[in-house]
Structures are given as structure tokens and as C-alpha cells.
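Visitor: Spelled out, the chains give:
2 protein chains.
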Amino acid sequence: MQTERAKVTISVDAMGGDHGPAAVVEGCALSAAKNGEIAFILHGDEAVLKAAVARYPVLADITQIHHSPGVVQMGDKPSQVMRRGRETSMWSALTALRDHHAQAAVSCGNTGALMAVSMLRLRKLDGVHRPAIACLWPSRGKSGFNTMLDVGADVRADEDSLLQYALMGAAYYRNAFDAERPRVGLLNVGTEEHKGRAEIKEAARLIAEAAEIGRYEFVGFVEGNDLPSEHVDVIVTDGFTGNVALKTGEGTARLIGDTLREELTANLPSKLAALFASAPLGRLRKRMDPRRMNGGVFLGLNGTVVKSHGSADATGISAAIKLAFTLARSGFQDRMAERLASVADAQQEKMLGKDDTPAQDGSAEGDNQMGQS
Amino acid sequence: MQTERAKVTISVDAMGGDHGPAAVVEGCALSAAKNGEIAFILHGDEAVLKAAVARYPVLADITQIHHSPGVVQMGDKPSQVMRRGRETSMWSALTALRDHHAQAAVSCGNTGALMAVSMLRLRKLDGVHRPAIACLWPSRGKSGFNTMLDVGADVRADEDSLLQYALMGAAYYRNAFDAERPRVGLLNVGTEEHKGRAEIKEAARLIAEAAEIGRYEFVGFVEGNDLPSEHVDVIVTDGFTGNVALKTGEGTARLIGDTLREELTANLPSKLAALFASAPLGRLRKRMDPRRMNGGVFLGLNGTVVKSHGSADATGISAAIKLAFTLARSGFQDRMAERLASVADAQQEKMLGKDDTPAQDGSAEGDNQMGQS
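Chains as they are written, first to last, in the UniProt record's numbering: chain A, 1 to 373; chain B, 1 to 373.
One should not assume that every hint holds.
No farther apart than 25 Å at their CA atoms in a straight line, the calculated lysine-lysine pairs in the DSS-like style are these [claimed, not checked]:
1) K271(A) <-> K286(B)
2) K142(A) <-> K124(A)
3) K195(A) <-> K124(B)
4) K124(B) <-> K142(B)
5) K124(B) <-> K34(B)
6) K286(A) <-> K7(B)
7) K34(B) <-> K77(B)
8) K286(A) <-> K34(B)
9) K201(A) <-> K77(B)
Here are some chain A residues the structure puts well away from chain B; computed CB gaps all over 12 Å [what the hints assert, rightly or not]:
10) K7
11) L30
12) N35
13) H101
14) E180
15) G251
16) R261
If you are wondering where the hints come from, they were derived from the structure by calculation, not from laboratory data. In this text, a Cβ means the ideal position worked out from N, Cα and C, and glycines have one as well.
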């Protein structure tokens, strides 16, 4: 008992997913079975959740239920939810996080509403212009995952926002995948320096400059076909491009999967061949399983929020919970906040330096670079 | 002899591809073997091309060679090529098109340089703000292809450019795939009307308004996962987003292909299974073969230019040649020019109408809508 670490509590919006609360609770049970350090607060209809939880003895001692009668629907506009959403399970899940009853929150609900309520309840981190959503992407690299951000928090990003995405994305990747110095790339239409939009060229300069303080390596421009590359860990882009890229990748994978399935069921010999090849095809399916990639992390808020895909089943939800747990346990939220503040300080010092106050500049910058770990 | 249709001559930049002129000439031969109505002017090193052409009797009577000593390299900047590129095979190929010695041009060379030299030699169509590059995308639909534009001519597009892309893309699709009324979608981060950037909402309004004159159906917003959809034929977007989406799709397909190959060669049982499943896997490979999708069409110039992928082999090059042939034969270039002019007229009439000249407005608009076919 003495050596047991404190449990990490995840606040879970149990309603709002396509498969309903039963799938969410099953996802919690899958996680609990593998992880003795986890606890849950489930938000939603109490009677429904009590019945669902009762099916999994592993949840008995580690689960609280917060009754909330309302559910945010997929079609609800963020503005509606912000005005009238107080009774919803989403609102309740984020309030529990804000009040430190939990260390991270997970929801399958509508992305726009979840971001709006997260901003309202948690507030942005000091100095953050805009929060971002980071997704996971299958990678040829060691961890098996790259991350890309922003994939839809905002449809535009200027150079300063792109710099913050680089800092937040590196902090996320470092803590989620235990990578000392993540490699950051900036998404562009070519890797040559002269290519792309003006704000992207400027962002490249800022991101290169902040690499030391941000504890990442900047690998320069990357292209769409580099998203699964083993030469980059964090891909930075604006939320419009990132959202299109994410959905294009999903759509392409689905098209290939469907075509493969069609061909393997086209006639009797093909069906036999599929049976014969079930082992390698099963391994392919497992490696490309989108459920492994489930979990969009909201970065730049006072609290860790993980958005699970609306269509996620129990396995997918369990992956999102694992991500929330890993991030909460790592304490990355505090360290990311420190690092963002350091870069802001360094930028300010540099501007002061340009205004001919070199003495202050030199010493303060030294402090900033040394003080972080 | 009396009933034979006039041949369509394709002006081919035979240098500059990754596999050299031998692959380009082989691609021409593949096309000529299937198509009795085609002829070629090949541009490049005369001695090399003569030797290559001599290997294919089918090319003997239908091929001219234009000697040009220089080659545009993949790393050459557009500005360099514009200044010093007169001696190159690319320049020569576009000059032959401009001078009406050929009805379309094909090149495997560097995209940026090809667009720059195309603009210089052919000039933009009257009223076109910016040319666009349209790519092919595998589709679940009947033709097997969708088209997306712009995929990299320009990194930005305002609402007027997006409208022109819709008009040009619809004209292209109609003529390449014999589709009476192509369905046009506008790429966005969601299909709800309130989503996306301001210029995209405005573009949606303009594209909807011009549907009748442009002879397309506007299906509204589409998302990244709709790119292979059977519910849309032409996907309109800016060149930055389009380029990232195109390369993301290619990269995802390659990742899945590589993973499948790894699993099918992982051990002896898997290798046997691969052998056993070679028929359905071969059909999958054929349906997803990127060489079928080869050929980026430059739209908005006084002449049809098809950009083949630099890494295309003879099969890929032959697909690009077929596309150039189909478009040249259809005479779509002239009809597209007419349609762009009609929409510009209609917009102008409407603006005049807003300035209180309703009489002129009504009649002229009627003319425009009736006069086209």
C-alpha cells in the first residue's frame, strides 16, 4: 500500500458517441483491466451508467458517476451549447477537470462544441493565441505514430500561432511517446526554401529560432507524403490544411481497404485465397487499425482534453483513455506552459534587445535557456 | 482514306523525366499501338531520340523529332528557366503547341518550370486570373476517376479564382470523361454551411450561382474523405490545400502498399499465402495503380498542357498522352474559353443591374444562358 502511486482520474463524457454510453463504459473497463492506476468519473444519465458499470466488476471501486441529464448532439452548434449546455454530460466532464477532481477529460462528442465548452470552462493557457487539436498519424518510425496539429481548432494560423503549435506539439509528443527531442516539420507544398506562403516562410524562421528553448529539432519543410515519415515526429500546419489532410488520409485508407475487401470476396477462388492469407492480412489490418490512432488532444488549455472519434468503439475509446492517462501522468501540461512562457520571454527580450537594451537581454535570455528541463 | 479522321498531334518534351527519353518514347509507342489517330513531335536530343524511336516501328511514320540540346532539371527554378530556357526540350515542346504544330503538349519535367514556361509561351486565356493544375483521383464512381484542382499552380485562391476553377474543372471533366453535367464540390473542413474560411463561403455562393451557365451541378461543401466519393466529380480547392491533399493521398496509399508487402513477405507461410492470393491482390494493385491517375492538366492557358509525373514509366506516360489526346480531340479548350467568358459577362451584367440598368441586364443574361451548348 505504501508504494502504490496515486491513481489518475479521467473525467469521461459518457454520452454523445455514435455507439452510446455502453461502448464508452466498455472502453473504460478495457482500460481498467490493463491499468491499475486509473480511476473514472463518468458523466451522463445516472440510471443508464449505473447499469452499464455494473456489468464490469473491474470498474466497481474506481468509478464515480455524475448525473447530467442533457446530451450534446452531433449537429448542435458550438454557440448553442455554450448558451444552453450547462446540463450536458460534456459540460459536467469539463467542470470536473477544471475543479481538479480529475487530471484529464475524454469525450466522443461534437468537436466544435467540445472545443467551445473547453475554452469556456478551462480557459486558454497564458499567452496562447489559439488552442490546437493534435491528431495521431501512422508512422514508419519507431513509436509507430507521428502527430499533426492543428487539425481543426481554427481554419487559419499566422506565423506566431504556427510557432506555438510547434512548441505545444513537441511537448505533447515528448510526453506521450517519451521522445527526448522530437523532430518538428512544417507542412508545405515543397521542401525548397523559396516555396509556399509568406506566413509559412516566416514561421519556419521562428520555429528554427525557438528549437533550443522548445527542446525539439526543426527538420524544415515537409510535404503531404511525409506525414507517415520516420524522419519527422510532429507536423505543424494550419487547422484547415490539417483537417483536410487528416480526412484525406482516412478516406484513402478506407478506399483501399474497401477495394481489397471487394477483390477478396469477388469469387470463390478469391475467398479461399483470403482465408489462406488471413494471417498476414490480419497483421496488416492491425497495423493500419484507425482505432489505434484514436484521440485528438486539445492543446493550449488549462487542462488535458482528449477528443475521441464519434464513431469509436470500446477499443478506440480505450486508446483515447490511455492517451489521456499517459499525458496526465507525465505532468506535461505544466511543463508545456513553462516552455511557452520561456519562448514568449525570449521573444520579448529579443525585441527589447533590438531597442538597445543589450545588458538586460543577455542575462535574461541565459536564464530562460538554463532554467528549463 | 476518305473517312479517316485527321490525326491529333501531341508535342512531347521527351527529356526531363526520371527514367529518361527511352521511357518517354516507349510511352509514345504504347499509345500509338492502341490509337491510330495519334501523331507525335518529340523534343530533345536528336541522336538519342532517333535511336529510341527506331526501336518502335509503330512510331516510324507518325513521329517528327525537333532537336533541342538543353534539358530542364528537377532542381531548376522557374525564373532561371524563363530566362535561360530557350534551348530546352520543354521550351521547344510548348512553342510547337503555341504555333499550332500540335494540339496538346506533354512533359515529365519540373512542375514549376513547366507552368512558368507555359504561361510565357501560351499566355493565359482571356479573363483567367490564375491557371490551375487539375489532378485525377481514384473514385468509387462510374468513370473510376474524380478530378481535383488546383493542386499547386498557386498557393492561394480567392473566391473568384475558386469560381474559375469550378468552371474549368467542370469543362475538363465533361470532356475527359464524357459527363454531361459534372458534379462540383468545394473542399472544406465540414459540410455545414457555417464552417470554413470567409472566401470559401463566398466562393460557394458564386459557384452555386454560375451552375447553369457552367453546366455543372453544385453539390456544396465536401471534405477530405469525400475525394474518392461517387457523389462528386470535380473537387475545387486552393493550390496549397490541394497539393497537400494529393501528396497525403499518395503517401497513405504507399504506406499501406508497403505494409501489405512487408506482411506478405514476413515469413514462409505469408509468402505462400501471397502466392495463393496473387489474383485478387493483382486486381487490387491494378485498380489502385497510380500510373492510371498520371497526368496533371494545366487549365486556363491558350493550349492544353499535361504534366506527367517525373517518376512515370512508359505506362504512366502513355496514360498522360491518352489524356492529352482525349482533351485535344474534344476541342474542350475552345468551349471552356467560351464558358468562362459567359460567366464573366453574366457577372458584369449583374453588377450593371445593381447599378440600376435593369433592361440591359435581363436581356443579356437571357442571351448568355441560351447561347451555350
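Visitor: Look at each hint and say if it fits the structure.
Guide: Okay, the hints, checked on the actual structure:
With a C-alpha separation of about 19 Å, the suggested pair K271(A) and K286(B) falls inside the 25 Å cut-off, and the hint holds. For the given pair, K142(A) sits about 33 Å from K124(A) by alpha-carbon distance, which is inconsistent with the 25 Å threshold. A threshold of 25 Å between alpha carbons decides the hint, and for K195(A) with K124(B) the separation of about 22 Å falls inside it, so the pair holds. Only pairs whose Cα atoms come within 25 Å are accepted, and K124(B) paired with K142(B) is rejected, the gap being roughly 33 Å.
Pair hint K124(B) plus K34(B) does not hold up; C-alpha atoms about 33 Å apart against a cutoff of 25 Å. Distance check on the hinted pair: K286(A) and K7(B) sit about 53 Å apart at the alpha-carbon level, beyond 25 Å; violated. With a CA separation close to 37 Å, the supplied pair K34(B) and K77(B) exceeds the 25 Å bound. Restraint check for K286(A) and K34(B): not satisfied, since their Cα atoms lie roughly 43 Å apart, outside the 25 Å limit.
Taken as a hint, the K201(A) and K77(B) pair is honoured in the structure, with Cα atoms around 17 Å apart against an allowance of 25 Å. With 12 Å as the threshold on Cβ separation, the claim that K7(A) sits away from chain B holds: the shortest Cβ distance comes to roughly 37 Å. Annotated as non-interface, L30(A) keeps its C-beta farther than 12 Å from every C-beta of chain B; the closest such distance is 25 Å. Consistency note on N35(A): stated as away from chain B, and its beta-carbon is indeed over 12 Å from all of that chain's, at 28 Å minimum.
Every CB of chain B is more than 12 Å from the CB of H101(A) (nearest about 33 Å), matching its label as outside the interface. Separation of E180(A) from chain B is adequate, the least Cβ-Cβ distance of about 26 Å exceeding the 12 Å criterion. With a least CB separation of 3 Å from chain B, G251(A) falls inside the 12 Å interface cut-off, contrary to its annotation. Distance to chain B contradicts R261(A) as a non-interface residue, since its nearest Cβ pair spans about 10 Å, not more than 12 Å.
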